[in-house]
Every structure is written in structure tokens, then in C-alpha cells.
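There are 4 protein chains.
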Amino acid sequence: MMDSPLEKARRIFHIENRTIVNCLSEFYCTLLLLFFGISIVHQLDLSHKQLNTWIQVNFGWGFTIMLCVYACSKTSGGHMNPAISLMFYTLGKLPLSHFFYYCIMQTLGAFIGTAFAYTVYLDQTHHVLGDLRIATGPNGTATLFTSMPAPHLSNTIAFWDQFVGTGFLALFVCVITDKRMEIPSSLHPILIGLLIATIGMGFGMNLGYPINPARDFAPRVFAAMIGYGWEVFSYHNYYFWIPIVAPFFGAIAAAWSYFIFIGFQIPDQPPSYMKENKTDGDGIPLKTTDLA
Amino acid sequence: MMDSPLEKARRIFHIENRTIVNCLSEFYCTLLLLFFGISIVHQLDLSHKQLNTWIQVNFGWGFTIMLCVYACSKTSGGHMNPAISLMFYTLGKLPLSHFFYYCIMQTLGAFIGTAFAYTVYLDQTHHVLGDLRIATGPNGTATLFTSMPAPHLSNTIAFWDQFVGTGFLALFVCVITDKRMEIPSSLHPILIGLLIATIGMGFGMNLGYPINPARDFAPRVFAAMIGYGWEVFSYHNYYFWIPIVAPFFGAIAAAWSYFIFIGFQIPDQPPSYMKENKTDGDGIPLKTTDLA
Amino acid sequence: MMDSPLEKARRIFHIENRTIVNCLSEFYCTLLLLFFGISIVHQLDLSHKQLNTWIQVNFGWGFTIMLCVYACSKTSGGHMNPAISLMFYTLGKLPLSHFFYYCIMQTLGAFIGTAFAYTVYLDQTHHVLGDLRIATGPNGTATLFTSMPAPHLSNTIAFWDQFVGTGFLALFVCVITDKRMEIPSSLHPILIGLLIATIGMGFGMNLGYPINPARDFAPRVFAAMIGYGWEVFSYHNYYFWIPIVAPFFGAIAAAWSYFIFIGFQIPDQPPSYMKENKTDGDGIPLKTTDLA
Amino acid sequence: MMDSPLEKARRIFHIENRTIVNCLSEFYCTLLLLFFGISIVHQLDLSHKQLNTWIQVNFGWGFTIMLCVYACSKTSGGHMNPAISLMFYTLGKLPLSHFFYYCIMQTLGAFIGTAFAYTVYLDQTHHVLGDLRIATGPNGTATLFTSMPAPHLSNTIAFWDQFVGTGFLALFVCVITDKRMEIPSSLHPILIGLLIATIGMGFGMNLGYPINPARDFAPRVFAAMIGYGWEVFSYHNYYFWIPIVAPFFGAIAAAWSYFIFIGFQIPDQPPSYMKENKTDGDGIPLKTTDLA
Numbered sequence: 001m002m003d004s005p006l007e008k009a010r011r012i013f014h015i016e017n018r019t020i021v022n023c024l025s026e027f028y029c030t031l032l033l034l035f036f037g038i039s040i041v042h043q044l045d046l047s048h049k050q051l052n053t054w055i056q057v058n059f060g061w062g063f064t065i066m067l068c069v070y071a072c073s074k075t076s077g078g079h080m081n082p083a084i085s086l087m088f089y090t091l092g093k094l095p096l097s098h099f100f101y102y103c104i105m106q107t108l109g110a111f112i113g114t115a116f117a118y119t120v121y122l123d124q125t126h127h128v129l130g131d132l133r134i135a136t137g138p139n140g141t142a143t144l145f146t147s148m149p150a151p152h153l154s155n156t157i158a159f160w161d162q163f164v165g166t167g168f169l170a171l172f173v174c175v176i177t178d179k180r181m182e183i184p185s186s187l188h189p190i191l192i193g194l195l196i197a198t199i200g201m202g203f204g205m206n207l208g209y210p211i212n213p214a215r216d217f218a219p220r221v222f223a224a225m226i227g228y229g230w231e232v233f234s235y236h237n238y239y240f241w242i243p244i245v246a247p248f249f250g251a252i253a254a255a256w257s258y259f260i261f262i263g264f265q266i267p268d269q270p271p272s273y274m275k276e277n278k279t280d281g282d283g284i285p286l287k288t289t290d291l292a
Numbered sequence: 001m002m003d004s005p006l007e008k009a010r011r012i013f014h015i016e017n018r019t020i021v022n023c024l025s026e027f028y029c030t031l032l033l034l035f036f037g038i039s040i041v042h043q044l045d046l047s048h049k050q051l052n053t054w055i056q057v058n059f060g061w062g063f064t065i066m067l068c069v070y071a072c073s074k075t076s077g078g079h080m081n082p083a084i085s086l087m088f089y090t091l092g093k094l095p096l097s098h099f100f101y102y103c104i105m106q107t108l109g110a111f112i113g114t115a116f117a118y119t120v121y122l123d124q125t126h127h128v129l130g131d132l133r134i135a136t137g138p139n140g141t142a143t144l145f146t147s148m149p150a151p152h153l154s155n156t157i158a159f160w161d162q163f164v165g166t167g168f169l170a171l172f173v174c175v176i177t178d179k180r181m182e183i184p185s186s187l188h189p190i191l192i193g194l195l196i197a198t199i200g201m202g203f204g205m206n207l208g209y210p211i212n213p214a215r216d217f218a219p220r221v222f223a224a225m226i227g228y229g230w231e232v233f234s235y236h237n238y239y240f241w242i243p244i245v246a247p248f249f250g251a252i253a254a255a256w257s258y259f260i261f262i263g264f265q266i267p268d269q270p271p272s273y274m275k276e277n278k279t280d281g282d283g284i285p286l287k288t289t290d291l292a
Numbered sequence: 001m002m003d004s005p006l007e008k009a010r011r012i013f014h015i016e017n018r019t020i021v022n023c024l025s026e027f028y029c030t031l032l033l034l035f036f037g038i039s040i041v042h043q044l045d046l047s048h049k050q051l052n053t054w055i056q057v058n059f060g061w062g063f064t065i066m067l068c069v070y071a072c073s074k075t076s077g078g079h080m081n082p083a084i085s086l087m088f089y090t091l092g093k094l095p096l097s098h099f100f101y102y103c104i105m106q107t108l109g110a111f112i113g114t115a116f117a118y119t120v121y122l123d124q125t126h127h128v129l130g131d132l133r134i135a136t137g138p139n140g141t142a143t144l145f146t147s148m149p150a151p152h153l154s155n156t157i158a159f160w161d162q163f164v165g166t167g168f169l170a171l172f173v174c175v176i177t178d179k180r181m182e183i184p185s186s187l188h189p190i191l192i193g194l195l196i197a198t199i200g201m202g203f204g205m206n207l208g209y210p211i212n213p214a215r216d217f218a219p220r221v222f223a224a225m226i227g228y229g230w231e232v233f234s235y236h237n238y239y240f241w242i243p244i245v246a247p248f249f250g251a252i253a254a255a256w257s258y259f260i261f262i263g264f265q266i267p268d269q270p271p272s273y274m275k276e277n278k279t280d281g282d283g284i285p286l287k288t289t290d291l292a
Numbered sequence: 001m002m003d004s005p006l007e008k009a010r011r012i013f014h015i016e017n018r019t020i021v022n023c024l025s026e027f028y029c030t031l032l033l034l035f036f037g038i039s040i041v042h043q044l045d046l047s048h049k050q051l052n053t054w055i056q057v058n059f060g061w062g063f064t065i066m067l068c069v070y071a072c073s074k075t076s077g078g079h080m081n082p083a084i085s086l087m088f089y090t091l092g093k094l095p096l097s098h099f100f101y102y103c104i105m106q107t108l109g110a111f112i113g114t115a116f117a118y119t120v121y122l123d124q125t126h127h128v129l130g131d132l133r134i135a136t137g138p139n140g141t142a143t144l145f146t147s148m149p150a151p152h153l154s155n156t157i158a159f160w161d162q163f164v165g166t167g168f169l170a171l172f173v174c175v176i177t178d179k180r181m182e183i184p185s186s187l188h189p190i191l192i193g194l195l196i197a198t199i200g201m202g203f204g205m206n207l208g209y210p211i212n213p214a215r216d217f218a219p220r221v222f223a224a225m226i227g228y229g230w231e232v233f234s235y236h237n238y239y240f241w242i243p244i245v246a247p248f249f250g251a252i253a254a255a256w257s258y259f260i261f262i263g264f265q266i267p268d269q270p271p272s273y274m275k276e277n278k279t280d281g282d283g284i285p286l287k288t289t290d291l292a
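Residue numbers (this note's numbering), protein chains in the order written: chain U, 1 to 292; chain E, 1 to 292; chain P, 1 to 292; chain A, 1 to 292.
FYI, nobody ran anything at the bench for these hints, they're computed from the structure. Check before you lean on any hint, since a few could be wrong.
Simulated crosslink set (EDC-like; lysine to aspartate or glutamate; CA at most 20 Å straight-line) [unchecked claim]:
| no. | chain 1 | residue 1 | chain 2 | residue 2 |
| --- | --- | --- | --- | --- |
| 1 | E | K179 | E | D268 |
| 2 | E | K179 | U | E182 |
| 3 | U | K179 | A | E182 |
Pulled out of the complex, with its shape left as it was, chain U reads as follows (with noise of 0.2 Å):
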């Protein structure tokens, strides 16, 4: 292996300080997600969903994060999202500094990302927008952005859509990396893609379920710099901010519940009676998912 040109640019190449490294991990796939989730919006709506319709969404960003969580798996764990870093910081799991430097290299991978999936579409973009840059209203299309609540959708609610929707992202990476367990390390990020895709088929149609801060908010600082103007932010009463805070909130409260419901409560070792597989004379039901 010696003469490998991959092992000679990696001694190279090589970084010792695990900090950095994290830090570009977490930056690059960040950027490739939204390169690819930006462009997968696009799509759809520059097609008028003769080419994607919903289930590619739900689907391709599933995917999407998927391979960006293998892709970051062995160096930062591939967060990609300040919810989530901040959950992995209350459970002892991520020092607070590093959820700092996380959020930043978040959000500016996704801004990056986001140019990156522009420049892709932008034949298409003039092509069916021609020189309008509309950010509401009928013709509105800020959404091939960021999301963009409808009128007759209440901030309360927004909230409230983007806490259970993060809410359910952070709860079930919590069971899928629940080393108590034992699912195997190579499915968790085909689970946790799986998951994100579930979670557009329940809880999309509000807000387009961005439950990502840095998903939300880099794209439309994008948008507004693009010629959609400081209506992305003032929009709905300043939306803006209800998906950037809302997730924190959701994460958190989910994943705890989870520990107190089932985490806590898996036993270290599987009492006897799971082992050779019948009914306890106490009356507690053995381990029911394996049949003898």
C-alpha cells in the first residue's frame, strides 16, 4: 500500500487536530446536503412537478442525508443540523464549544451549498422566472428556498409544527444510536435517512419541514441576497426566526421523553427469561419479537 497515491496524499493531507477536522466535516457535507436538497426543491418546482412530485422530496432528502451521514461518520458524526448538535450537547455526548463551532460550520455550508444548487438551475430559473424574484403571495417562490408559511397558518402553530417535527428527528436518531440497541452502526444513517423522509410525509405541509436552524436560515439570507429582499425575513409577522428557535426546543424535549419512556428502561443485560425465551412465572412477558 505504500505506493497507493491515496495513502501518499494522505500523509499529506492529514490533519491531527480533531477539532478542524470536525469542523470541515461538518462544513462539507452540510454543503453537499443542501447542494443536493436545495436542487431536488428546484426540481420540483421549476418542473411544476411534472418531473418531481412530492414522494421525490420526501425520498431524495432522505437519501440525501443518508449519504451525508455516512459520509461524516467516522470524524464529526454528521450533524449537519445546530438542533441536533445541541441534543448531542445535553447528553453529555458534545462539548458546548464544539456546538458552537458546529452551528457556524453548519450554516455556512449550507449558505455555500445552497450557491452551489443555484448556479446548477439557473438556466431553468430565468427560464421560468425570467427576471421576477417574488418572495410571496400567489406567485411566490422564495419556497425554492426556505420555507414560507401560508396565510392562514398562525406562527403558533409554525412553532409548534417545527418542535414536533424536530421533535421526531432527534427522538428516533436517539433509538437508532441507543447503543442498547444493537442496531448494527452501518444501518443508522439508512434509518435515519428513512426517518427524514417519514417525517415529510407526516409533517410537511405546513412549513415544507425544514426542522434544520441551518437548513432554514442559510437559504435565506441566499434568497434575500439574490433579489428576493428583506420580505424573506419580515414575512408572516418575521417568521423567520420561529424555525431557526423552534427546533432547539423540539429536539431536546423529544429526545429526553425518549429516555424516560424506553432508554432508561432497557435492561443492561436481558434478564433470564428473555434468554431461554418464555413466560416469566411472575407474569412478565418475555421478549415478544423472537419467536421460538
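Start from chain U and add chains E, P and A according to the hints.
For chains E, P and A alone, coordinates are given in the frame of chain U:
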């Protein structure tokens, strides 16, 4: 690991009594299941199939069940369905007392999960339905919560439909969890999720595949309480008991048919001609799924 | 485990004769397959594609076959298709006598499974079709059960279509189950299911991909009996024999082509330059799917 | 195993020369890939999206590639794409001579596979198109075979689109196959298949994601030969060279970006604080994908 906030909290919240733990798990996971699943149905109906189509109902419920089965897999087993619990009881895998505990916790969880889902789509519901809550007929919307058969469907076929749908569920749950099948337990929830999705593709037209007494009954009570009234029970000659009762019969009949036709016939040790992978002299076929 | 009702029942119902066991398995699983699959097609056609669309036909049949292959994987091998059984016979993996037993049991199971599916949608069929059972033409509905080619499709292309479709099935079944491929056996049914789904995406337009003599013939007999009459056989210049005969030729030809081009060429032991993962001095490429 | 017809035939047909074996594999699998894939596109276009919709193009090509990668995984590695072969060459995983052999076999296989697909849909093509073979414009149908950009798409963006699409493919192929990622090799083809599907959801609108010089060029030649004529080359200011050239640049750039940002930074041995799963004193985050 001494200092982890998670492990500290575990010592505080850990419950030793397995009956309570299992009840908590069934309650919590059925709550999550209905919270998620009823939201999927709301997204289908309230968007007039502009977001979700039937495929999202199939995969959405399927993956939700997959995730919830993972969540409960190390505690209560993740039934979330009284018919499945009864089936496990008849197989000697669940004490009778626990069957009753499970039924209660599942129904309670289903009710509260439905209520949560309702809150997420409160504004959308008001926007689409206004103040009207018409249970049945061309403008009936009780199907947002529970099964309501079309007038041309007889209750006999409705019973048979629920018998069959739950039967397929129970049958393949037995296949998947049968230890002699040697399917890795980390794959079980994935396969059960795909099973649910497939049932919706084959047996969803008559009633929308409730195939779960708790999933059908608890949201029906909720629907009655929020304005749909008694009609959700009295409709179609008091149809409401059918998706409660039929699944129990279907689950037991189908599960045992599997064991009689296949499960009991799987040899404990693969016969020698299987291992050597050649044709037995007596004309007995060798195992044909592996090519030399 | 002595007291388990399951183990008690196993001692009563266990059959020693492997031939009978395998026949029971093929019968039971083909019954389940057609019960499920014909229901999927009914849900497509009777809902006028308002519930199922073509994607559910693809994934529905695919996952159903996945589940049924799991169910039979430890007994008969889960062929459920005479063409696959013949292919295994030519590979020396199934005795000739068993090929005939399997064909009979598969066709019998397919017939009864079709009858079951019919009962589930009895009311819907009556609602949509009334008392009319028109086999062919613009209002023809025999496709609820079996393949009926469009008038502009020649029988030559129909034969080629079934040759190709079943060929792809057989070919990749050989890939998936080839021991030298080292794919874990618990993944085989999943891959076979996805294979079936994919065939429906590529080769479903001409005839709806029966690619299985039992799946096409048995429901055709059933359709003739419930009122579609002799026309299901005589239509299109007695087309009905094509999806019975062509699959046998396609399966054998494609399976052997795989072994000649690839299967026979897989080394028994990976050569040393593969293990060390570097470029061989003789310009022989190393295995390129793993990066150092 | 001595008497198995398979093993007998293996002794006859086995080829020792690995170069020939690998060339046969690439030829055969690329043939299968285009046979399957071009059929999927035909089913989309010839049915006017009544059977296949865009989701089947995504999953159909994805699963086809999954199956073909499995088929080649123990011989040539399953590139089926000159850009991927070049990428592996730059990583030191493929000798330069083999890169050229692979390109030739891939293009040859793609051509013959296209011809096979054409035969399956001969009657349908005649039924829908009659004798007209119009390459471009509102009634152009050359997209049955190869990419034809819309008039409003510049060749610059077309180049960038193919650079990006192939880049994502190459990048995540490196992630998936990187040994330091420790993803079981039996999962690699599944993930690559989902990757292809996802690329079609994000980068399919401009050109239909050929992202493979052989997949785009060989069917273009075939289309020219069956009546579409020279226009498939001259159209859009000789666009045809773009999906041949751009993928090579994209694949190399993206693959190396992965290694620089992440691949080279994965530690050979997980540091001790990762194993013990606690917070490192220096504020270095521990691996966060596994919860204690």
C-alpha cells in the same frame, strides 16, 4: 462513562418492574405511531392529494411502524396492536394479564397520539373544513381519523377485509420473527415496515387498512368528541365494531396457518444434503436458494 | 421451552417427509403471493388509479415476493414460479421429479390465491363492473387477473417480452444466490423483491410482466370460470400459451449466460493482489470496489 | 459437489486471464444496464407517463445499477462508467491500460444493450411514433435514447450539470467503498443504487442525468443509425461531446475533494476517547453517532 448526564439520569429514572416498563413502552410507541400516522392521513386529505398521494400513506405508515418497533424492540416488543398482542398470547409468548395491559395502554396511547396530530394540523383543518365536521357522505371527513366504509361495501366484506389484512400482518410477523428463519433481529423492524406498506397496496381500497383495533377505535372516539358526533359509531349499521373484532380472528387464524404449513416444518438442523448442497439420492430437493 | 404451545403443536404437526413439506411450502407461498398480488392489481384497476398507481404495482409485487421468499427460504426455497424451478433443475439444484411437483403446487396455489383475492374485492368489483365481464377491448377487464396484450402488439414481441422479463429475473436470482458473491442470505429476499419491482419498471408496458407461468395461467382459468369465458384463451390468436412457454426459455438462457460471462469466472480464492489491494505488476487490475 | 452440472461447466468455461474476465464482466454488465435502463425510459415516454412516472426512472435506474454492481462485484468491480473507471485510475486502483479496456467494453456493451431494449419495444415504438424519427423540437423523441437539452439551456450549464451530477456519483462511491468507513461490502451496491436514484431526484431536470459517457454516447450512435440521423450529434451546437467529457472532470474533482475534506482525516485507529465514549479533556468531541 460515570460522568455522562445520560447515565446519571438513568440511575434516577430507571424502573425495575418490567410490567410497568412494558406498559410505558407500548403506551409511548402507540402514541408516536398515531401521532405520526394520523398526521400522514391529514396531509393526504387536507392537501387534496397535492402533497401526499397513496404511496406516502403506504410508505409513511410503514416506516413509522418500523421506527416505533425499533423503539420498543428491547422492552415491550413493539406490538402497538391488540390483535398482534393476542396472537403472541396464543403462541405462548405473552401472559394473558399482559395482553389486557397492552390493549389498554395501546388504546390510550392511540388516543393521545391522535390528539397531538390534530393539534399540528389545527389551522389547516380550519382552513379546509371551516367549522363543519361532517362524518359521512360525499363531503364526509371522518376518514381523517378512522375507517368509514363506502355505502356499496357490505359489512360482511368489511369483516373479511379486516380479517385478511390483519391476517397478512400477523402471518408475516411470525415469518420475520421466527428464530428458525434466522433473519437478523436488526432487520425485523425494516421488514415489518415494508410489510405494512405492502398491505396498504393490496388491501387498502375497502377500508384503508386499519388492521389494528386500537388504531381504528381510539381515533374514532376522538373524532366523535371534536364534533363528528355519534354518527361515527352508528354509521353503516354500527360498522365500528368490525375493525375492532375482525383483526383478532384474522391474526390468530393466519399466524397458526403459517406454523402448520411452514413454521413447524422447518428442520431444527439442516439435513446433511443441504449442507453439502447436492441432490439427495432419494430425490429430495436440496435447498435451492444458494448456488454452489 | 417445553411448555410452549408452539413447541407442543410442532410435535403434533411436524412432517418428516421433505417432499411433502416442500410441496406444502410452494403451495402455501404461491397462494399468498397471488392472494396479495391480484389484490394489488384490483386496487389499481377498480380505483381507476386513484389509490394505487403503477409504482404500487411495482413495489407491491416486489415486496410481496420478498415476504413470500422469506417464508419459504428454509423449506422449499421459495420459487413460486415454474420457470425458476426449471432453471434450478438445469443447474442441478432441483430433482426433475420435484420440478413437476413444484409446478403443480404452484399452479394450484396460484388458483386458490386468486380466488381469495377475488372475494376481498367482491363488492368493489360489483360496484365498478356491475354484472358485465368483458374480457377484451376498450372496456375489457380481464387484466384484473391475467395478461391481455394490446391489439398492436404482435405475438412475436410478446414472446420476446416474456423471454426477456423472465430472463432478467432468473439471471439476477443467480447473481443474488451465487455463493461466490458472498451476499448474506438474509438479504437475498430483499434483493429479489427489488429485482421484481425493477422489472416492472422496465418491462411492464407490453404485457404487465407476468414472467411466471403459474401467475399468468391460473388466474386466467379463474377468470374464464367467473364469467369472462373462453375469450381469455382464444384472444389474440391464442396468445395465452406465450406467458406459459416463453418464461422457461428465457430463464434458462439468461441464467446460463450469467454463469458463462461472470459466474464461472469468479475466483474461488481472491488472488493475493486483491487482498493486498494494490496494483499487480502485470497490469492486472485489483478489485476496485474497496478503497484503501 | 463433483457431479453438479454447474461445477462441470465451470471447469470448461473458466478463464484464467483476469484481464479478459474483467473485460467480459464490464461488457456484460453495461449491456444489462442499458438493456434495462433504456427500457425504463421507453416505458416512461411511450406510455406518455401513464405507466412509469419520474419516480420509476429514479428507482428503476438505481436498482438496475445496484443489481449490475452486485453482478460484477467479484470480478471487474462493476464500474460500467468510464468516468468512474478514470476516477479509480487516479486513485491508483486501476491500471491505465485497464481504463482504456474498460472504456471500450463499456461503450460496446452500452450499444448492444440499447439495441436489445429497442427490440422489446419495437411494436410500441411503431404504434406511438409511426415511421417518424424526429430527433428534436416539440415532437422530438431522441430522448428515448440519449440526452437532448432544451433550447433554453446553455452548453455551459450543461457542462456544469454533468460535472456536478457525475461528481456526486463519484464522491459518494468513494464514501461508500472507503474501507475506513467500515460499511459491509454487501451493502455497497444497495447504497450506490439509492445514490443513483437520488441524483435523478436532484439533478435530472437539465439533461436527465446521463452522468456516464458510455450511457450517453452509445445510445446516441444507435439513435443516429435507426433513423434519427446526424441531428443527434449536431443539435444544440454539437452538445453531444459535453456528457462525454464533463463527467471525467467532475468525477476526479469530487472524489479528491472527498478525500481532502474527510477521507484523509479518518483516523486509522479510533482515538481512546472515542472508544470510551466520553468527552475528551481537551474539548475534542467524541464520536457522537453512538449513545451510551
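Compare the distance between the alpha carbons of E/K179 and U/E182 with 20 Å, and conclude whether the hinted pair is satisfied.
-> It holds: about 17 Å lies between the C-alpha atoms, which stays within 20 Å.
Do the alpha carbons of E/K179 and E/D268 lie within 20 Å of each other, as the hint requires?
-> OK: E/K179 and E/D268 at ~10 Å, within 20 Å.
Take the C-alpha atoms of U/K179 and A/E182, compute the straight-line distance between them, and say whether it is at most 20 Å.
-> Answer holds: U/K179 to A/E182 is near 17 Å, not above 20 Å.
Going through the hint list in order, the structure satisfies each hint without exception.
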